[in-house]
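*Asks:* For this one, chain V is given, so just place chains F, G and E on it according to the hints.
Protein chains: 4
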Amino acid sequence: MTNQTLILIQCRDAVGLVALIANTVAEHQLNIVTMREYVDEAANRFYVRIVCAGKANDNEQLAYDLTAALPQGATVTVNPPQQKRLAVLVTKEHHCLGDIIVRHFFGTLGAEVCCVAGNYNDLSTFTKRFGIPFHHVSHEGKSKEQFEAEIAHTLEPYQPDYVVLAKFMRILSPEFVARYPGRIINIHHSFLPAFIGANPYKQAHARGVKLIGATAHFVTNDLDEGPIIAQDIKPVNHSHTVKDMVRAGKEVEKSVLSKALALVIEDRVIITGNKTVVFE
Amino acid sequence: MTNQTLILIQCRDAVGLVALIANTVAEHQLNIVTMREYVDEAANRFYVRIVCAGKANDNEQLAYDLTAALPQGATVTVNPPQQKRLAVLVTKEHHCLGDIIVRHFFGTLGAEVCCVAGNYNDLSTFTKRFGIPFHHVSHEGKSKEQFEAEIAHTLEPYQPDYVVLAKFMRILSPEFVARYPGRIINIHHSFLPAFIGANPYKQAHARGVKLIGATAHFVTNDLDEGPIIAQDIKPVNHSHTVKDMVRAGKEVEKSVLSKALALVIEDRVIITGNKTVVFE
Amino acid sequence: MTNQTLILIQCRDAVGLVALIANTVAEHQLNIVTMREYVDEAANRFYVRIVCAGKANDNEQLAYDLTAALPQGATVTVNPPQQKRLAVLVTKEHHCLGDIIVRHFFGTLGAEVCCVAGNYNDLSTFTKRFGIPFHHVSHEGKSKEQFEAEIAHTLEPYQPDYVVLAKFMRILSPEFVARYPGRIINIHHSFLPAFIGANPYKQAHARGVKLIGATAHFVTNDLDEGPIIAQDIKPVNHSHTVKDMVRAGKEVEKSVLSKALALVIEDRVIITGNKTVVFE
Amino acid sequence: MTNQTLILIQCRDAVGLVALIANTVAEHQLNIVTMREYVDEAANRFYVRIVCAGKANDNEQLAYDLTAALPQGATVTVNPPQQKRLAVLVTKEHHCLGDIIVRHFFGTLGAEVCCVAGNYNDLSTFTKRFGIPFHHVSHEGKSKEQFEAEIAHTLEPYQPDYVVLAKFMRILSPEFVARYPGRIINIHHSFLPAFIGANPYKQAHARGVKLIGATAHFVTNDLDEGPIIAQDIKPVNHSHTVKDMVRAGKEVEKSVLSKALALVIEDRVIITGNKTVVFE
Numbered sequence: 001m002t003n004q005t006l007i008l009i010q011c012r013d014a015v016g017l018v019a020l021i022a023n024t025v026a027e028h029q030l031n032i033v034t035m036r037e038y039v040d041e042a043a044n045r046f047y048v049r050i051v052c053a054g055k056a057n058d059n060e061q062l063a064y065d066l067t068a069a070l071p072q073g074a075t076v077t078v079n080p081p082q083q084k085r086l087a088v089l090v091t092k093e094h095h096c097l098g099d100i101i102v103r104h105f106f107g108t109l110g111a112e113v114c115c116v117a118g119n120y121n122d123l124s125t126f127t128k129r130f131g132i133p134f135h136h137v138s139h140e141g142k143s144k145e146q147f148e149a150e151i152a153h154t155l156e157p158y159q160p161d162y163v164v165l166a167k168f169m170r171i172l173s174p175e176f177v178a179r180y181p182g183r184i185i186n187i188h189h190s191f192l193p194a195f196i197g198a199n200p201y202k203q204a205h206a207r208g209v210k211l212i213g214a215t216a217h218f219v220t221n222d223l224d225e226g227p228i229i230a231q232d233i234k235p236v237n238h239s240h241t242v243k244d245m246v247r248a249g250k251e252v253e254k255s256v257l258s259k260a261l262a263l264v265i266e267d268r269v270i271i272t273g274n275k276t277v278v279f280e
Numbered sequence: 001m002t003n004q005t006l007i008l009i010q011c012r013d014a015v016g017l018v019a020l021i022a023n024t025v026a027e028h029q030l031n032i033v034t035m036r037e038y039v040d041e042a043a044n045r046f047y048v049r050i051v052c053a054g055k056a057n058d059n060e061q062l063a064y065d066l067t068a069a070l071p072q073g074a075t076v077t078v079n080p081p082q083q084k085r086l087a088v089l090v091t092k093e094h095h096c097l098g099d100i101i102v103r104h105f106f107g108t109l110g111a112e113v114c115c116v117a118g119n120y121n122d123l124s125t126f127t128k129r130f131g132i133p134f135h136h137v138s139h140e141g142k143s144k145e146q147f148e149a150e151i152a153h154t155l156e157p158y159q160p161d162y163v164v165l166a167k168f169m170r171i172l173s174p175e176f177v178a179r180y181p182g183r184i185i186n187i188h189h190s191f192l193p194a195f196i197g198a199n200p201y202k203q204a205h206a207r208g209v210k211l212i213g214a215t216a217h218f219v220t221n222d223l224d225e226g227p228i229i230a231q232d233i234k235p236v237n238h239s240h241t242v243k244d245m246v247r248a249g250k251e252v253e254k255s256v257l258s259k260a261l262a263l264v265i266e267d268r269v270i271i272t273g274n275k276t277v278v279f280e
Numbered sequence: 001m002t003n004q005t006l007i008l009i010q011c012r013d014a015v016g017l018v019a020l021i022a023n024t025v026a027e028h029q030l031n032i033v034t035m036r037e038y039v040d041e042a043a044n045r046f047y048v049r050i051v052c053a054g055k056a057n058d059n060e061q062l063a064y065d066l067t068a069a070l071p072q073g074a075t076v077t078v079n080p081p082q083q084k085r086l087a088v089l090v091t092k093e094h095h096c097l098g099d100i101i102v103r104h105f106f107g108t109l110g111a112e113v114c115c116v117a118g119n120y121n122d123l124s125t126f127t128k129r130f131g132i133p134f135h136h137v138s139h140e141g142k143s144k145e146q147f148e149a150e151i152a153h154t155l156e157p158y159q160p161d162y163v164v165l166a167k168f169m170r171i172l173s174p175e176f177v178a179r180y181p182g183r184i185i186n187i188h189h190s191f192l193p194a195f196i197g198a199n200p201y202k203q204a205h206a207r208g209v210k211l212i213g214a215t216a217h218f219v220t221n222d223l224d225e226g227p228i229i230a231q232d233i234k235p236v237n238h239s240h241t242v243k244d245m246v247r248a249g250k251e252v253e254k255s256v257l258s259k260a261l262a263l264v265i266e267d268r269v270i271i272t273g274n275k276t277v278v279f280e
Numbered sequence: 001m002t003n004q005t006l007i008l009i010q011c012r013d014a015v016g017l018v019a020l021i022a023n024t025v026a027e028h029q030l031n032i033v034t035m036r037e038y039v040d041e042a043a044n045r046f047y048v049r050i051v052c053a054g055k056a057n058d059n060e061q062l063a064y065d066l067t068a069a070l071p072q073g074a075t076v077t078v079n080p081p082q083q084k085r086l087a088v089l090v091t092k093e094h095h096c097l098g099d100i101i102v103r104h105f106f107g108t109l110g111a112e113v114c115c116v117a118g119n120y121n122d123l124s125t126f127t128k129r130f131g132i133p134f135h136h137v138s139h140e141g142k143s144k145e146q147f148e149a150e151i152a153h154t155l156e157p158y159q160p161d162y163v164v165l166a167k168f169m170r171i172l173s174p175e176f177v178a179r180y181p182g183r184i185i186n187i188h189h190s191f192l193p194a195f196i197g198a199n200p201y202k203q204a205h206a207r208g209v210k211l212i213g214a215t216a217h218f219v220t221n222d223l224d225e226g227p228i229i230a231q232d233i234k235p236v237n238h239s240h241t242v243k244d245m246v247r248a249g250k251e252v253e254k255s256v257l258s259k260a261l262a263l264v265i266e267d268r269v270i271i272t273g274n275k276t277v278v279f280e
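Residue numbers (the numbering used here), protein chains in the order written: chain V, 1 to 280; chain F, 1 to 280; chain G, 1 to 280; chain E, 1 to 280.
It should be emphasised that the hints constitute simulated quantities derived from the structure, not laboratory data.
Some hints here could point you the wrong way.
Note that the list lumps identical chains together, so a pair holds whenever it fits in one copy or between two copies.
Capping the alpha-carbon separation at 27 angstroms, the derived lysine-lysine pairs in DSS-like fashion look like this [as the list claims (entries may be wrong)]: (1) K142 <-> K275; (2) K250 <-> K275; (3) K84 <-> K250; (4) K250 <-> K234; (5) K259 <-> K243; (6) K142 <-> K92; (7) K243 <-> K275.
Next comes chain V alone, as it looks inside the complex:
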């Protein structure tokens, strides 16, 4: 991305949008390398992700010119921050955090883990080995309001672009979610919308399913109901105990969250209503 210009646009659909955009981009002496575009006909919305060769002379002017050319209310982003900052919330399970931090350490995450906070202290040692600050914010003996205020206060100085719930087992209030609109990513331990709620593997085992799934999604006010970013599954069979299913599930959770983070970090995901447009 070092010598490229990335443009993300969403707006009301209209005739000739691609021509308008392409002309504006050409006026800025940029050559379009990749263009992925989607029109939601039911919602009459237009979405596009454009990669141009070369750096724009003036990102702000380009964004201004595009916005002026497009229908009113357009959202135009030129070159979103390349090195995004992630704050990770955890409880006790390590599989997702481990994967994220190793990628961070070797520089293949495409983003920076600025801090980890946990309502238990279990993952502190691991995190600190990589020089990443770990904050233990217990929920015990606190109201949800207090607990969340502490989490928010903890994250505040890091100014994270995204908050990643890497198996964070507390439900967040709408007030907390509103602090990071469209910027909280959760990994859910099931193939949503199956097995909503607690103990999904126990439910899955009781139901005798032959596939175990996981879902990465943005968090909204409705628990487990936010826009889905990525999903995947792994086969299981009758011989899998609940424990085996949990183990298989952790592998899927890890890879699905990893995939979703890569998509978000590369600015390939646009939220639209309660869905996502993903330009893979």
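*Replies:* Relative to chain V, chains F, G and E alone:
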């Protein structure tokens, strides 16, 4: 299977069952080629599927001796019917029926389609081209009781081993289901237990899922709640309309039902409570 | 596609191509609904597939104007034939042909099977049940030249858009291939480039692989070396005999060929050198 | 596994083996919980993996009695070491090592990483953060013989059960391989037997494949030709550069090696000739 003996057993678990069974089999001069065994420790149940080289001299005596050796209440099957008879119920959709009948025609189904019955006549021409009887049993203007009585009366002379609901869009009553206990197989248009009920693809589209699934299961009294035999998925994305999802879904439905039928026809599936043991 | 205009373009890459194209399309009063674009930077080639809402007033004028606007040597196709004609060549195996013909019969293939020709007569009965002409062109006692001349002569009156090798087990000469440049589609019984040549399942079994694959590709002069359209796999294990692998392989072959045909029929595949650009 | 007895047997096939084994096990007061058995009819070999509830009073006596009861030349293992020791060889790539070490750290690997040795020093810091010894054994300026002697000398004090080549980019001599017969596991960067040798992703890109694969296998004298343990694939498309394919490939390599290690660590893999029997 022509020169083999297949033995299926389920019973209460106990110490030494494998030795008991293996000895009884050896006394009948049979050599075990494959043995797949499963103990459900929570339910204290033992399941085994054995393939022996050579034909037993006396299937009934072998079954008798095994039953005598095993804990009381054991279910022992020696050489279940090889050429099973399938009755297929349909409405208007052809994708599952088409696949089943082509396999039947070329002798790769491993079973015989003895008849097809539909509450619409749409699939009559196709079915009859293969010399398979098609019965149009309309549900219109009839009570569920009457309609099901007609279906049952239609199937009766064919004495099917299994009734396959190949996109049969009517809900069957417990009374009808009781006629074919553990012998009705349905293909459900979703990754159960997600999207139970009607219009699953519309629901899936509205939810913005990234995978579309299908589930083949035995039919019990509770709609969509019977023992699952097989499940699979196909990836979808934001650009898929409901119609695209339906199309993708049909491909999964077809292959999942095909897989489930092969497993059942080869006697690899044992129902246990509301689950299946599948010796793939 | 009934009220849409489909445009396919490939040409040398240059600055401002998207703007040029979008402007030309807008001048024809068409609104771009979907646009998929790819630049092969190594080859300096530009590829685009555009779907516009509405019918162009004049397809030829649109193609002319686009060609005039683009770099010299551009290939522009406006609304390729919607109802493509497929000629299918077979030997004895039925699984791929069965799938194609059932889709043809129910109108979900998106194309018309105009004829089937086989060097054996085994699939004649099946084909004719659907009112499709079947031609038995034996290869026995003929030189390759003679045999292929007969095949070509047989297909000639049908003027097929594509020739589909649905398990046609004869190698075609460069002369025959040259009659249908980029229009012969083969399904290869392995995950190319593994197991090139004969008896791939025997090779796969001997090697102890854990996955069985299939590859659909365009046919060029080099056997098994043409541009790949689609590939897929199925898991196998130590207990699979060669025969089991063949059976599993047939399922993959069927679904991969089916997928490749759908992509080609919907004009989503562009051949470029020895590769394909597939706008899924 | 804490209160179980695991028995692995391979021998010449004969009539009544299961009965013989089951009786011997029963005489030792053990109850069979799971039994997976396979007969390679072509090779006339019998393989079985048995899990019994409870600890045997005397493992050696049980092994002795089983060996006495079975055909001559049987290999019988009772309770192989539970906490296996892995030595990991690396070059510069971190993705496989990172995954292995994180699992080791959190106790979910099921084995112990006793040491890491690399012909470059790149992964030293990472390894040492987890308190695992890292040995830098450069190959530069040394004959293969010298280099391998140094590696062998480095590993010697750790007495590893398995040597894992986690992207170790040097070809090992038959002499080195002979030190750890059936105990060296490699992850190969392709879907073997496609793209044998160097630069598989470059080859794959040039060939325009639609799937990228990886293969975990035991190392034998023939490069890339040893018994395959596990394989998997990931879809790719025309827009993937060689670099993108490498990135996708690393994800598959990581998960395939991880799966293969889990199978080997749980004693689910038996080598037979140039293949594996895997009791998943």
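*Asks:* Could you run down the list of hints and mark each one as holding or not?
*Replies:* So, going through the hints one by one against the coordinates:
1. Within a single copy, K142 and K275 get their C-alpha atoms no closer than 34 angstroms, and across copies no closer than 42 angstroms, so neither meets the 27 angstroms cut-off.
2. In this assembly of identical chains, K250 and K275 lie within 27 angstroms of each other by CA distance both inside one copy and across copies; the values are 24 angstroms within and 23 angstroms between.
3. Taking the shortest alpha-carbon separations for K84 and K250, both the intra-copy value of 25 angstroms and the inter-copy value of 23 angstroms come in at or below 27 angstroms.
4. When the C-alpha separation of K250 and K234 is checked against a cutoff of 27 angstroms, the pair qualifies both within a copy, at 10 angstroms, and between copies, at 19 angstroms.
5. For a Cα distance limit of 27 angstroms, the shortest separation of K259 from K243 qualifies both inside one copy, at 24 angstroms, and across copies, at 17 angstroms.
6. For a Cα distance limit of 27 angstroms, the shortest separation of K142 from K92 inside one copy, 19 angstroms, qualifies, whereas the shortest one across copies, 47 angstroms, does not.
7. For a Cα distance limit of 27 angstroms, the shortest separation of K243 from K275 across copies, 17 angstroms, qualifies, whereas the shortest one inside one copy, 32 angstroms, does not.
Of the numbered hints given earlier, the model fails hint 1 alone.
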